[in-house]
Every structure is written in C-alpha cells, then in structure tokens.
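With these hints in hand, go ahead and build the complete structure from the sequences.
Each protein sequence line maps, in turn, to chains A and B.
In terms of our numbering, the first sequence has 70 at position 70, counting the first letter as 1, and numbering is strictly consecutive.
In terms of our numbering, the second sequence has 33 at position 33, counting the first letter as 1, and numbering is strictly consecutive.
Keep in mind the hints are simulated off the structure, nothing from the lab.
What you were told as hints is all true, and nothing was included just to trick you.
The list cannot tell twin chains apart, which means a pair is met if one copy fits it or any two copies do.
Subject to a maximum C-alpha distance of 30 Å in a straight line, what follows is the list of computed DSS-like cross-link-like pairs (lysine-lysine):
(1) Lys24 to Lys53
(2) Lys55 to Lys24
(3) Lys128 to Lys14
(4) Lys114 to Lys127
(5) Lys286 to Lys114
(6) Lys285 to Lys114
(7) Lys117 to Lys221
(8) Lys233 to Lys128
(9) Lys53 to Lys127
(10) Lys141 to Lys117
There are 2 protein chains.
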Amino acid sequence: MALIVQKFGGSSVKDAKHVMNVAKIVTGTYSAGNDVVVVVSAQGNTTDDLVSKAKEINPTPSSREMDMLMAAGEQISIALLAMAIEKLGFPAISLLGWQAGFATNSVYSSARIKFVKPDRIRSEIGKKNIVIVAGFQGTNKYDDVTTLGRGGSDTSAVAIAAALRADRCQIFTDVDGIYTADPRKIPTARKLDEITYDEMLELATLGAQVLNNRSVEMAKKYGIELEVLSSYKGIPGTIVKEVTKMEKMLVRGVTKDTDVARITIMDVPDVPGIAFKVFSRLAAKKINVDIILQSVGRDGNKDIAFTINKSSKEAAIDALSNSFSELENSKINCDTNVAKVSVVGAGMESHPGTAAKMFEALYEIDVNIQMISTSEIKISVLIDLEDADRAVHAIHRAFLPEQ
Amino acid sequence: MALIVQKFGGSSVKDAKHVMNVAKIVTGTYSAGNDVVVVVSAQGNTTDDLVSKAKEINPTPSSREMDMLMAAGEQISIALLAMAIEKLGFPAISLLGWQAGFATNSVYSSARIKFVKPDRIRSEIGKKNIVIVAGFQGTNKYDDVTTLGRGGSDTSAVAIAAALRADRCQIFTDVDGIYTADPRKIPTARKLDEITYDEMLELATLGAQVLNNRSVEMAKKYGIELEVLSSYKGIPGTIVKEVTKMEKMLVRGVTKDTDVARITIMDVPDVPGIAFKVFSRLAAKKINVDIILQSVGRDGNKDIAFTINKSSKEAAIDALSNSFSELENSKINCDTNVAKVSVVGAGMESHPGTAAKMFEALYEIDVNIQMISTSEIKISVLIDLEDADRAVHAIHRAFLPEQ
Chain A
1 MALIVQKFGG SSVKDAKHVM NVAKIVTGTY SAGNDVVVVV SAQGNTTDDL
51 VSKAKEINPT PSSREMDMLM AAGEQISIAL LAMAIEKLGF PAISLLGWQA
101 GFATNSVYSS ARIKFVKPDR IRSEIGKKNI VIVAGFQGTN KYDDVTTLGR
151 GGSDTSAVAI AAALRADRCQ IFTDVDGIYT ADPRKIPTAR KLDEITYDEM
201 LELATLGAQV LNNRSVEMAK KYGIELEVLS SYKGIPGTIV KEVTKMEKML
251 VRGVTKDTDV ARITIMDVPD VPGIAFKVFS RLAAKKINVD IILQSVGRDG
301 NKDIAFTINK SSKEAAIDAL SNSFSELENS KINCDTNVAK VSVVGAGMES
351 HPGTAAKMFE ALYEIDVNIQ MISTSEIKIS VLIDLEDADR AVHAIHRAFL
401 PEQ
Chain B
1 MALIVQKFGG SSVKDAKHVM NVAKIVTGTY SAGNDVVVVV SAQGNTTDDL
51 VSKAKEINPT PSSREMDMLM AAGEQISIAL LAMAIEKLGF PAISLLGWQA
101 GFATNSVYSS ARIKFVKPDR IRSEIGKKNI VIVAGFQGTN KYDDVTTLGR
151 GGSDTSAVAI AAALRADRCQ IFTDVDGIYT ADPRKIPTAR KLDEITYDEM
201 LELATLGAQV LNNRSVEMAK KYGIELEVLS SYKGIPGTIV KEVTKMEKML
251 VRGVTKDTDV ARITIMDVPD VPGIAFKVFS RLAAKKINVD IILQSVGRDG
301 NKDIAFTINK SSKEAAIDAL SNSFSELENS KINCDTNVAK VSVVGAGMES
351 HPGTAAKMFE ALYEIDVNIQ MISTSEIKIS VLIDLEDADR AVHAIHRAFL
401 PEQ
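Listed below in structure tokens is the structure:
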C-alpha cells in the first residue's frame, strides 16, 4: 500500500466524459489498495471563459479580484470529480486550497507556496476518502485567495506530495512520457523510462513543456519521485528522480526552441564596464538573457550579442536605445529568424566528445552555428530558423540512432 | 452617514451590463457618504449551468459536493462586481462566505445561519472599502462549504445587516416594491410605502414571492428595516418594518395562490381521534397543510377536507390510502382546480366587518366559496380556479378603490 498523489490538468477534465475517465483512473489506483490524493486544474475552457468575463467588465482588474475569480474554476472541477467518484461507488471529498492547507505569499496571480499544512488531508485519508484538492490556489496571511500562476497545479501536486511524504507524484498529461525529441517530428524519438531532475529542468527550459519548472525544482528539493504519464493510455510513463539507470545513453533529449530573438549591439567601445551596463539595464526590465557572445575587440570596438525570448524584443531594444553614452555610435540589430537547438543529458559531463559530435552532425548537413552555449548537462547552438528541424533530426540520429 | 446593506439577485448581475448597473447603484450610495456592504447572488444562469454539469456526471451527487459546486457561482459574481466597482474608480473587496464570517449548521443545500462573525467585514469598512459578500453560502463547523438553499441571499443580507447593526437593508429586485395586488393583473394595484413584517410574511406565504420568508422572519427578530426596491428605476421602494403609518388602509394586499390542491376524505366515521390520525400521518411525510375544514357529523359519518401545495398531492394521497382501519370505507378525493385568494392587512384585526366585506364582493360577482380560513391579519378563501382572477379584481376594488 502506498500514498500516491495524482495530478490532472484542465484538458483531462474538460467535460463529463473526461471527468469520468479521471474518476476511473483514480478509483483504479484506490482499489489497488493505495491512499490517493488527487490534484485537479480548472476544466478546459473555464479559465478562458472567466478571463473574458472579467475583461468585458474591466480590462485591468486588480490581481486580488482576478485570483478570486479564477479560483472558482478549480472549485467547479473538484466538485465534479468528487461526484464522478461517488457515482462509481467510492468515497470522495473535495477540498479548496484553503481547506487543504495551502499557505502562499501575497503575490496575487503568481503566488508561491510557503507551506502546506496537510492536517485536513491526512484526516480525510484516515477516513479512507479519496481526497480531491483544488490545484493552482491557496490563501495568504490575510485569508485572501491567491493563485499560483502558470503551471501552478503541478506545483500544488508536488507540494502536497512533499508535505505528505507521498511515495509517488503522478502527473497525468496528454503525452505518455518524456521523449528524446518531439515524437510528432522525429519518428525515431524514444520514450525515456527515467530521467534526472536536472535533465528534466533543462528540457523544460528548452521548450519541452511537459512539466512546469517550479514543480520539478520542488520535487528535486524534497526528493519526490515524479511520474509523467498519459491520462488515456494506461501504460507506465517516465519517472523523474535524482539518480537514474544511465542506460549507456549520453544524451536524453534533443530539443528546439523557436521562440528566440538575437540582439546584436555592434561597434561598442572596447572599454571596461560596457557588458555590466548593458546587462544590468536588461535585468532592471526583468528581461531574461540566455546565450551571450562577445566578440574580441578590434579597432577599439567590439560586438555584444545575446539571445532573449521573442516576447521581450521590444522591451530589450527600448532598454538599450539611448540609454548611456557609450552606445552612442553603436547599432542595435535584432534577428528573430533564429532557433536554439540543444542536447541534454547528465551523461555528457564525463564525455568530452559530445560537443564535437553535435557540431559534426550540423556540419554534415551544412548548418551554420551562430552562437554556442554549454552547461554540464546541456549544449545549445543558435542557428537559422529554417535549419532547425533538419538540425534536430541530424543530432537525434547522431546521438540516438534507431534501435 | 449610514451603514447600508444592499442585496442584488442573480438577474440583477446576469451579464457585464447588469453588473455595471449594480456597480453604479452601489457607488452612488457610497458617494453619498455611506458605508456599503453588498450581498450578491450567482449570475443569472450560472446556477442552472452548474446543476446541469453535475447531473451529467451524477444524477444524485452528495449534497456536500453539490454545495461545493454551487458556491463557485457567487464567487464569480462577487469578483466581477468588485472589478466593476474598481473600474468606476472606487475601492472594493470581495469576500466569500467563510471570509465574511458566515457560520452555518451542516444541513448541506439548505443550511441555516448560526451566526455571522463580521470582524473582517468591519475591518474592510474601516479601510473605506465597499465590501462585496457572496450570498447564499457559509461554512459549517468542519470548515466545509454550505449553501443556504432557496432565497438564501436575502437571508445572507439580513443576517449581515443584523450582525453589523446596519441602518437599512435594501433588497434590489425586478419589481419596484410591494403592491396591493399583482400590478400586471390589477391595473389599480398600488405600491405600498410601508408594510409590517407580519403583513409581509402573510403576503409572501400567499404567493407574492418578492422576499424570502426566512429573511423577513430574521429581519423581524432583529428589527432590521428592509427596503424592497428596483435595480433599474432609481426610486424609493417599500419599507418593511415593525410599525407603519396605517394610512387608514384596512387591507395591504390581495393575493392569489393557484398552486393549491384540495384533498377531501369523505364518509369518515364520526369518532374521536380521526383528525389526529389523518394529520399526524401527513406531518410524518412533512406535508404542510393549510386550510382545514371538517363537516358536522351526520349518520355517524363526516367529511374532512384540507388544502396542500399541489406538489404534495401524490404524497398526501399515498400517506392516507390504506393507512388505518377507520378510513376503510372512506373515499379520498383530490381537486387541483382550485385557487386560494386572500386579503392581508394588520388593520383588519380591529375591523370586524372585513370578512363580510370580502364575502360580499365575491357574492356580487357570483363566486362560490369552498373553504374559509382566517388569522388576525389575513382572510383566505378557496374558490374555483377559473374564478380566481375575477375574485382578486373584485376584492381589490372593494378594499382598495381607485384613488
């Protein structure tokens, strides 16, 4: 007998049929002799419906009232799931964020969980109830309703699993696990049985948005074993944990991120302090910078290039234009016709040839590399957008040949 | 400066336009220098939508989960109203039942308010916020969400007004006050400036469903002055209070109730204990009996007739059929082709001629009276359904002639 936390996203409970499907998964786990705590998001389109109701009345509502509104979404889905489980003849009880003991800070719309006080959940488990908890929401010290922001329900599930010292936290999604590449694009992509937290974090950052990063970070911190699996297929998914069987696999995945812009500042005076000034101005605007490249100075000038998320393009140009005297004679150039392709794998730390192998694969298909960035478990390159898909294929073939 | 509680029903907040209209009324009251607490029901069709979502999954959900589901309705409307008030540039804060301090018993779906602990509301008033409270909901001693059942938002408003010792509790509706008869049917019907709690209770019982009875009873108990007024017209409504200026008006209203059935048990043995047996069996099935008539015994037999709500017809016949030996040779007859017409007015206590005047009005238009029931402030007659409208006209003309 184990204590299992199961999380279902909005598309998994989008209508009566889907809610019943979730009820069957949950009661199946319960019938097998496990204690089950379920975390649910708002139904499919409820969130969008509530947002449009709000915008019709006030395009800029206070975030406190927005959270009050949005939290109604999970309230509906937890009650419906409890009814579905009752219908199947099993005992169920639904709990809102505040009832389940979710204490957050007061940053409405993207609150962070401070702690979970799971007394009520424990008592309901003790009564043999299947406990259904509203994801994405909590209350702050004023007893006001808060929401956790994007991906919050994953974080809710991991936080409960940590507070209850659950044996496993299962994240049910539309896909059946973590793949070495996007299986819709790369037919030879393989589902991984296991992956480490760090690899998962790199993959998520790089665009494989199966698991929210905050939830993976929290799972790592508390040592919660995560499983990413399908709501529909009934087969094992991918386990995310600290140490995995390496399967002699250098690389765990190849990803592509097309949501990138490259900014180049040309002809910057080659004097100390320039980089500091540029990047502190970007930081002040809360613009995340990814790869940074600085050319070697020549004729007293140099170039600085960096990549950012496409959506920050205007803000970045704005932050740098006419901002300080050293850039007076510089030219700022922005290119959104680029993609970042990366390989991720804890195995590569100890294999110095990984980068070379990746570059070779790109050379063979005649792809030019504009920028390079490496970490212990990741190598990323910036290339032309039009080369991205070919590049992923070639790299996947090089590291993960068909079995 | 006064403290005013304002309550708006579901049709008053049914869409963005209506929510903005309510926001204008509320901020108008606030701008005039008053502290304002607003109680809101769920938006128009939200309640029906949520019920059908539930029924699709489970036709007989537990009432605890049903309350959890339904309570999301007011959560949406309070947040939207707060946003509308913010949009008009006024400070607002929305509070759920539990945040506003509504403690109820544990009868899910028709919970009763045990007390309101208005600390949070007071503190928000102190901060000069317009406080918007979710009607219809509270929490029980287990910290579970409960709903108050039909008309519950009126009761919520009166309970808050009592807990805050508010100067007035305004109930905004689709009509602009309490009339001496249904103004759509009786063109000479007059709006009353004032009416007593007891008169209001009789009128509500008799089918003039403007105010929920529980809320009037609570207002009477705590001496809360109620005002029933229109959400749209911006004119004074009808004040409901303990003692009113009598305006030399004998009768406050004429009402008709067509939701009545008359059950007759014919040829009951004329022996002691029969009435007790009949009505205790009905009571055991929770069937409310209204008018009772027992014929004088003849040939050792008598008839017992009584009226009930139409919806209890089958249950009543069922409770009496083959129930005890004395009814063996009796015949049970049910007539739904009847209506109850009543006059209500505290003035009639001291005017012995009221009943006679009413009967005369009916005689003049040739309406036969089947049953009669009287209380200190009410006279009701049971007549043929087809005579009901004519009867209301004639009685209204007799007591409340055109001015």
